[in-house]
Amino acid sequence: MPAEFQTRDPLGQAEGLRSALDEHCGVMLTDSSGRILSVNEALCTVTRYAREELVGRDPRILNSGFHAKEHIRELWNTLASRRTWQGDLKNRAKDGTFFWARTTIVPVPDDPGTGVNYLALYTVFSDPYLAEEKAAYLAAIVDSSGDAIVGKNLQGIVSSWNHGAERIFGYTAAEMIGQSILKLIPEDRRSEEDRILAKIAQGGTVEHFDTIRLHKNGSPVTVSVSVSAIKDSSGRIIGAAKVARDISERKRWESTIRSLNLTLERRVAERTAQLEAANQELEAFSYSVSHDLRAPLRAIDGFTQAVCEDYGPLLPSDGKRYLDTIRFSAQRMGDLIDDLLAFARLSRQEIKAKEVDMAAIVRECLDELGAPWPGRGVEVEIADLPRVQGDAAMVKQVWSNLLSNAVKYSRGREPARIEVGCAPRGAATEFFVRDNGTGFDMRYYDKLFGVFQRLHRPEDFEGTGVGLAIVKRIVARHGGSVRAESVQGHGATFYFTL
Amino acid sequence: MNPSKAVEILLVEDNPQDLELAVRALRKAHLANNIQVARDGEEALDYIFAQGGFAGREISESPKVVLLDLKLPKIDGLTVLERIKGDPRTQTIPVVVMTSSKEHRDVAEAYNLGANSYIVKPVNFDNFIESVGKIGMYWLLLNESPHPGR
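Chains as they are written, first to last, in the numbering used here: chain X, 1 to 498; chain P, 1 to 150.
One thing to keep in mind: the hints can contain errors.
Said to hold, decoys possible - Now the in silico label distances, taken between C-beta atoms and shown as ranges:
id: 1; chain 1: X; residue 1: Glu462; chain 2: P; residue 2: Ile75; range: 37 to 43 Å
id: 2; chain 1: P; residue 1: Asn112; chain 2: X; residue 2: Thr263; range: 40 to 46 Å
id: 3; chain 1: P; residue 1: Gly86; chain 2: X; residue 2: Arg457; range: 49 to 55 Å
id: 4; chain 1: X; residue 1: Leu264; chain 2: P; residue 2: Gly86; range: 45 to 51 Å
id: 5; chain 1: X; residue 1: Gly377; chain 2: P; residue 2: Gly86; range: 36 to 42 Å
id: 6; chain 1: X; residue 1: Ala295; chain 2: P; residue 2: Lys134; range: 24 to 30 Å
id: 7; chain 1: P; residue 1: Gly86; chain 2: X; residue 2: Glu462; range: 21 to 27 Å
id: 8; chain 1: X; residue 1: Arg345; chain 2: P; residue 2: Asn112; range: 30 to 36 Å
id: 9; chain 1: X; residue 1: Pro374; chain 2: P; residue 2: Asn112; range: 38 to 44 Å
Unchecked claim - Just a few of them, taken from the derived set where beta-carbon distance is under 10 Å, the chain X residues facing chain P:
id: 10; residue: Ser64
id: 11; residue: Tyr287
id: 12; residue: Leu293
id: 13; residue: Gly302
id: 14; residue: Phe303
id: 15; residue: Glu368
id: 16; residue: Pro372
It is worth saying that the hints were derived from the structure and are not from the lab.
None of these values were measured; they are calculated from a predicted model.
Beta carbons: idealized from backbone N, C-alpha and C, even for Gly.
Could you build the full structure based on these sequences and the hints that come with them?
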């Protein structure tokens, strides 16, 4: 109990009354010159000042600066005429925060009884402006929402209707408030609303329920609805707040995407079928070429051979040479057909990628090409080669073609030199085969990797002109690249990555 | 039964030029005496299983080797091969498949079905000798077999 009140009890009341007052509100006693004489504990608590910080000071220490001068002047005028002043004051606490207090200031006789003191009672209440601001703020959020936010009671009667609801359903707030929400619900979906309200009444919520509602003009609106309970201060469920999002657009996009997907799938299926048909045709074509086209060729070769064998002694030397030429040509056409089929097959053949030992493959190829070519001086130098990912059979075909070219086009060199190696090129490893043979004319480089393209005369170097085309096709199918360089007469180098 | 009359080679070939060249090669190898020719798959099966036009023949008197073209009218070569190799009475008869190209995809299929060897057309003497040598038939064909038909 503050000592001040025992000596200067302004109300002159009993102990109990003082204690009730202390519980109820802040109390401040000031003299007529505007000095604080005493304060109670409750006032210290609400102002966050210690008693010593207040006593002896001007009560304007609590001035928030919020009120108009007229308001304050009216206060002083009232007190000067010895009347009680009552009003709401916004005060500033020590920590700079503000608090509102319903304030009653009563002029009381001072201790000697000659002058006047003022007894002020502060009953704190929550900031009315803050509450208003908050409400306005929330209302603005609700109103600015593109979603429909609707309040309704448990009978489904609309109590609030925001701009979003107006936009989505076409009704104004005036048209809907007080009306049943059933206005928005298509006949065949009326039971939905009963179920939703029943669920809310039991304390449940509804989240993202996709359904159809009616616009004022009668057209259907696809909405995603979430509903939760509105409770009064005692926690009793008195209604439901519904948030509805117009998802007509989204649904339209979804159905567009679905139909596009279906179209795409159908097209892929069609193209796949076309491709398969084309492949089958190609297969049948290849079969026909290899089988039917060969039959007459076989007859040409076979019967020419028969003539040579059975009637050779009867023929003049020119006749014999002509027949040899016929046979050579027939066999060459057989070779061309073989190579062309091998080349065509490359496009259809599936790549079975696994780790491939390049060094082993190079040695194998050289063996198969007849290394070390007794009677010819051929020096072969093979650097360390890494393992790579690729189709073993196809990669071997690449090496085999490049190495056989190197052997073929270095014919006549003593010694012929063939160098096999690799070097990094970008992120990949580039392999190469280098020879000191006849090389090729870089002016015709663009023909080098073409099918049936030859840069040498057949009487100088035999071949069908398919080998490098096969190399290029295999390398391309592995996602790699191929290139070559040469100085005519001094050799060539062929590079490839996989 | 007269051993010299026993069929040693059943040559199944529809193309007349190929047939003539094959017969010529066999003749050069002195193997042309006991050749039976079938011009399509059906005729080949009739002969081997002693049916149709060959009813009354003994199945057990099988040829020593069958030279089989794969592309045949009526019943194709692979089917003929399958039937020969699928029947316990005939599965031991060596079958040499004649193909138009060694790269032919049918070669793999033919081996799967039990073909003993293959030769690439045109069938020339060397080609044929090598193939027959592979299946160990050469001397049996070249010299009169002491037990014809088996």
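Q. Can we keep the Leu293(X) interface hint, with Cβ of chain P closer than 10 Å?
A. For Leu293(X), the interface hint holds, since the closest Cβ of chain P sits about 9 Å away, which is under 10 Å.
Q: Grab the minimum C-beta distance from Phe303(X) to chain P and call the hint holds if it beats 10 Å, violated otherwise.
A: Holds, because the Cβ-Cβ distance from Phe303(X) to chain P comes to roughly 7 Å (cut-off 10 Å).
(Q) Is 49 to 55 Å respected by the C-beta to C-beta distance linking Gly86(P) and Arg457(X)? (A) Holds - the Cβ-Cβ distance for Gly86(P) and Arg457(X), about 54 Å, lies within 49 to 55 Å.
**Q.** Residue hint Gly302(X), partner chain P, criterion CB-CB below 10 Å
**A.** Holds. Min distance 4 Å.
Q: Could you check the hint for me, namely that Pro374(X) and Asn112(P) are 38 to 44 Å apart, CB to CB?
A: holds (39 Å)
Q | Range hint compliance [Cβ, Asn112(P) to Thr263(X), 40 to 46 Å] | A | The hinted range 40 to 46 Å holds for Asn112(P) and Thr263(X), with Cβ atoms some 43 Å apart.
Q | Gly86(P) paired with Glu462(X), Cβ distance criterion 21 to 27 Å | A | Once the Cβ atoms are compared, 45 Å apart, the range 21 to 27 Å for Glu462(X) and Gly86(P) is violated.
(Q) Given the hint of 30 to 36 Å, is the C-beta distance from Arg345(X) to Asn112(P) inside that range or not? (A) violated (20 Å)
Q) For the pair Ala295(X) and Lys134(P), does the Cβ-Cβ distance stay inside 24 to 30 Å? A) holds (25 Å)
Q: Mind checking the hinted window 37 to 43 Å against the Cβ distance between Glu462(X) and Ile75(P)?
A: The hint (37 to 43 Å, Cβ to Cβ) holds, given that Glu462(X) and Ile75(P) are roughly 42 Å apart.
Q: Check the following: the C-beta atoms of Gly377(X) and Gly86(P) are separated by a distance inside 36 to 42 Å.
A: 56 Å Cβ-Cβ, so the 36 to 42 Å window is violated.
Q: With chain P as the partner, please determine if Tyr287(X) meets the hint condition of a C-beta pair closer than 10 Å.
A: holds (8 Å)
When each numbered hint is compared with the structure, violations occur for hints 5, 7, 8, 10, 15, 16.
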